Amino acid sequence: MDVDRRKGVAGGLLVTLLGAATVVASREYDIGTPGNMGPGFFPMILGGLLFLFGLLNTGVAMAGRPAEGAERITLGRSMMLPLGVLLFGLLIERAGAVVATLAIAGCVWMAGYGFRIWEILLVTVVLVVISCLMFIYGLQLPTTYLLPW
Amino acid sequence: MEHFADLMHGFAVALQGENFLYCWIGAVLGTLVGVLPGLGPIATIAILLPVTFKIPAVASLIMLAGVYYGAHHAGSTTAIMLNMPGEPTSVVICFDGYPMARDGRAGPALCTSAISSFLAGCICVAIITLFSPPLAAAALKFGAAEYASLVVLALVATVAFSIGDFLKSSTMIILGLLLSTVGTDINSGAMRFTFGMNNVVDGVSFIAVAVGLFAVAELMLQTESPTPIRPAAKVRGLLPTRADLLASWAPILRGTGIGAIFGVMPGTGPLISSFASYTVEKSLARDPTRFGRGAIEGVAGPEAANNAAALTHFIPMLTLGIPAGAAMALMLGALMIHGISPGPRVMAENPDLFWGTVASMWIGNLMLLVLNLPLIGIWIRLLRMPRRFLYPAILVFCCIGVYSVINSYLDVLLAAGFGVLGYGLRGMGYSPSPLMLGLLLGRILEENLRRALLLSHGSVWIFIERPISCVLLVATAGLIAYMALPMLRRRIALPPH
Numbered sequence: 262m263d264v265d266r267r268k269g270v271a272g273g274l275l276v277t278l279l280g281a282a283t284v285v286a287s288r289e290y291d292i293g294t295p296g297n298m299g300p301g302f303f304p305m306i307l308g309g310l311l312f313l314f315g316l317l318n319t320g321v322a323m324a325g326r327p328a329e330g331a332e333r334i335t336l337g338r339s340m341m342l343p344l345g346v347l348l349f350g351l352l353i354e355r356a357g358a359v360v361a362t363l364a365i366a367g368c369v370w371m372a373g374y375g376f377r378i379w380e381i382l383l384v385t386v387v388l389v390v391i392s393c394l395m396f397i398y399g400l401q402l403p404t405t406y407l408l409p410w
Numbered sequence: 003m004e005h006f007a008d009l010m011h012g013f014a015v016a017l018q019g020e021n022f023l024y025c026w027i028g029a030v031l032g033t034l035v036g037v038l039p040g041l042g043p044i045a046t047i048a049i050l051l052p053v054t055f056k057i058p059a060v061a062s063l064i065m066l067a068g069v070y071y072g073a074h075h076a077g078s079t080t081a082i083m084l085n086m087p088g089e090p091t092s093v094v095i096c097f098d099g100y101p102m103a104r105d106g107r108a109g110p111a112l113c114t115s116a117i118s119s120f121l122a123g124c125i126c127v128a129i130i131t132l133f134s135p136p137l138a139a140a141a142l143k144f145g146a147a148e149y150a151s152l153v154v155l156a157l158v159a160t161v162a163f164s165i166g167d168f169l170k171s172s173t174m175i176i177l178g179l180l181l182s183t184v185g186t187d188i189n190s191g192a193m194r195f196t197f198g199m200n201n202v203v204d205g206v207s208f209i210a211v212a213v214g215l216f217a218v219a220e221l222m223l224q225t226e227s228p229t230p231i232r233p234a235a236k237v238r239g240l241l242p243t244r245a246d247l248l249a250s251w252a253p254i255l256r257g258t259g260i261g262a263i264f265g266v267m268p269g270t271g272p273l274i275s276s277f278a279s280y281t282v283e284k285s286l287a288r289d290p291t292r293f294g295r296g297a298i299e300g301v302a303g304p305e306a307a308n309n310a311a312a313l314t315h316f317i318p319m320l321t322l323g324i325p326a327g328a329a330m331a332l333m334l335g336a337l338m339i340h341g342i343s344p345g346p347r348v349m350a351e352n353p354d355l356f357w358g359t360v361a362s363m364w365i366g367n368l369m370l371l372v373l374n375l376p377l378i379g380i381w382i383r384l385l386r387m388p389r390r391f392l393y394p395a396i397l398v399f400c401c402i403g404v405y406s407v408i409n410s411y412l413d414v415l416l417a418a419g420f421g422v423l424g425y426g427l428r429g430m431g432y433s434p435s436p437l438m439l440g441l442l443l444g445r446i447l448e449e450n451l452r453r454a455l456l457l458s459h460g461s462v463w464i465f466i467e468r469p470i471s472c473v474l475l476v477a478t479a480g481l482i483a484y485m486a487l488p489m490l491r492r493r494i495a496l497p498p499h
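Residue numbers (my numbering), protein chains in the order written: chain A, 262 to 410; chain B, 3 to 499.
Treat the hints as calculated values from the structure; they're not laboratory data. Here the structure is a predicted model, which is why all the values come from computation and not from measurement.
The following label-pair restraints were derived from C-beta to C-beta distances:
(1) HIS459(B) / LEU278(A): 31 to 39 Å
(2) GLY325(A) / GLU4(B): 55 to 63 Å
(3) THR196(B) / TYR398(A): 27 to 35 Å
(4) ARG386(B) / ILE391(A): 15 to 23 Å
(5) ALA287(B) / MET323(A): 39 to 47 Å
(6) GLY198(B) / GLY373(A): 34 to 42 Å
(7) MET323(A) / GLY198(B): 35 to 43 Å
(8) GLY198(B) / GLY320(A): 34 to 42 Å
(9) LEU382(A) / LYS56(B): 29 to 37 Å
(10) GLY373(A) / LEU248(B): 50 to 58 Å
(11) ARG244(B) / ILE391(A): 43 to 51 Å
(12) LYS56(B) / ARG338(A): 33 to 41 Å
(13) MET371(A) / ARG104(B): 37 to 45 Å
In this text, a Cβ means the ideal position worked out from N, Cα and C, and glycines have one as well.
Extracted from the complex, chain B is given alone in its bound form:
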């Protein structure tokens, strides 16, 4: 209970004028990119990162967090109204949300989705408050060996749980790790793989990489598909009926539970959570045939799971300094640029940052509840904005953002190169997210690996002898076995779209 006092302190921090303002900006921006297909939270966070160098660390993390959960919150709006998921995570909401809207029940669907998100948000802020302090306390005992093993576990888990081919995800992680070695080697001062480019002396700009892979490549992919203009459903009456609410509360709680668990694990996050929740609701339903034709449980559960996972996704990054996904990896980078070394010490040494961010999540979710519903008309109109207006603007923001990090034009060229690379990789079925994770974790892994082996005079037994490290490695081995035995590999069945 003592930590609820900390949370109250966090509320005091988050409600300070500046922080409150940035929370609001983040939530609105997140909603905006959540509605606009093609610009996701990862790309937005990457473009915004240079802006955050100019504002205090607490405010920047609050804003970036707002973008992240705001986008997941808002993606469902377009899914319900236009059958177009604003974010990949709201694909599931299309299954039952759009049929509801077609039946003239768009209002209740939107309202249920907003309430589910908000309830899941409340529960997850409590979960973060309860579980983060013990986790950070345990991690304080970690030495170099434990940290190296933890990073390996996180990377392997990312591969094991992510959707898609695990060979390709592993390849992308290794590529990301390799990219992280570019630049000055901390121990010896040697320049590695810089090829005479002075912009990569301090390492490859992860902002340039993220903008290239997630913004430029994404826009390139979209040029191939014509803008689908679908008729928007009409909103008549907003409030769900009593029957709707009665049918929703259990899926909301189950969805929150599923999302909270999946959100913490690297690689899974909101996307798998919402699919998992949908599958669970469908299998629990007395009449599963209603699903796909406008079952309210199919909106309430996945939406709660989606938002829950978006929030608990922060736990590993905030308490251990190990990001569970690409967006978290970027936020980790933002903290490092502010001179904060992420890890278990953040909570004790920088309580404003930790508790302020957690409290801002609750405030942000409340703002979204109040903001989203009345403004649906505006979001829908924005969605209709032709690409010929949108694309040049997005590209100019990308370029200025990348350039401004160290005022290097070479970084902009790098972003263009990574745009083409990302486009090519997507064409061959490689996903860019694991690469981002590898890039941000590479230095942590190398440093701890080297330190651990220095202490043990080169004996790899140190990773087995130390109990926590051993447990982490056994878990890693378990995951590898799980991947290697396809018979054991249970996939979450993706319902037909």
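With the rest of the complex left out, here is chain A:
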């Protein structure tokens, strides 16, 4: 199987699995009747539909229709960007806005766009200043948010 087809099949199976999981998870909630639906009714229907469309997608990909509009993705340096966001989220309340902002700058630097030393310093300082101003004046959070220790 070529790459395109493999991608299509993998995507379809993933959706099918998600649909099945949703149907199973919806059974935790009260289903009710059509005239008086419980919280589980709508998700249950959607899970079923997702399961169905997952199978259809898998079938179409197996039949070899090329994936329209699929873009090239890799597990390489592009992952540094969500990693930066993730670190920001993990650090913002534990280590403060300054450290969290530094984490993003560091991750983009690691993604390798060819920083020079003075550029790193400049960009980082400007960003930290902007983000501190946004936290204190924009969000009106106490200054302990910047550097909690």
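Please build the complex by placing chain B on the supplied structure of chain A, with the hints as guidance.
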């Protein structure tokens, strides 16, 4: 005609100091993101949403609207000057705009595109003024059954008209609907799919989802492609010749018509409109071979269609509360956060909001006309800004925006997760826009579906018995048939790039 008095009231609202300022900010920001590839209007609106919580609803909608049409307006600048579409919608402008610039006619191309946009904007503000009130009046009669059917029609239309695989678009819509069920169930108070995360009790933050899918994922996709630095064309002389103007006026009017119609329909919007207009102009031309080599009609028509669609795209959101695209879905979310329940009542109960926004579109388009042309040099220089400066800044703004909604770090983690998910989905050919639409419409659909079936004691006949609902469902069935019969499925031929 009575509604033109309302429109005048709208002008009074939009010209108030604060609103005027936000209109200006929106238009400039829109131009900026329209020029910068990689940051589109949807991502910008998502990042700006938290800011709008702090300003009045009218001003925030005016600003977000400015970002939206400003971006569509400005995308063509880089298309003409650098053969680089700032927005996907201006891909078509590259076909003839860049050849014109290479021939030393960048000035006339830019000027024609600005004039086309502005004329289309004027006509579309009039169209919105004429057609929105009757539409809202009709929608006032809608009950739960009609609303549920309308949402279904909108979702199916999104699938039917969007570019790309309709199986995948449907899958994305269902996924979006499913995401909307996360959180507290309004009727029973039960917690659904929260998995113990307290940030999703009131539902998944659509801002986190939008930032992840449209900002983070987009930047990730761009890391794979090296920054193309193309030589910018020189601008010599701005004014189009008499012949240019004579050749342009008919394409502008046709483009406006095409854009106005496509803009209202869910799923189509500016992108398809500009392609459709290009195809029409090419087929009407006496000498179609000129197209692709600098035909001014190929700039004027699509540019008018693009801007027209960007404006009429607002009609379903403002009058029915049903967004026709992902950007509109986000604006709908902004209104809901301001405590305004979007729908046909907005026009009567909140005339400042409705007419102020419509009037601001005209003012904003005028600003763009005045602002864009003299500042082209600055936009081009901004475009050359290396990514290593741009990316950290965009990511920091994204994170702060997502965090600030309810000051939850979990939302930031969610945005990171949706970034990876969006990246993976794009890699498999799934588009994130239908997901966004499903997420914002899911609650409306579920609520109305449940209410309608409660009234009918569980009988689905209620959707057929009520005439308006029946018509909407017949239209839905028609669309499904149109998709299921590929022989009937006429595609707009995409010209070779």
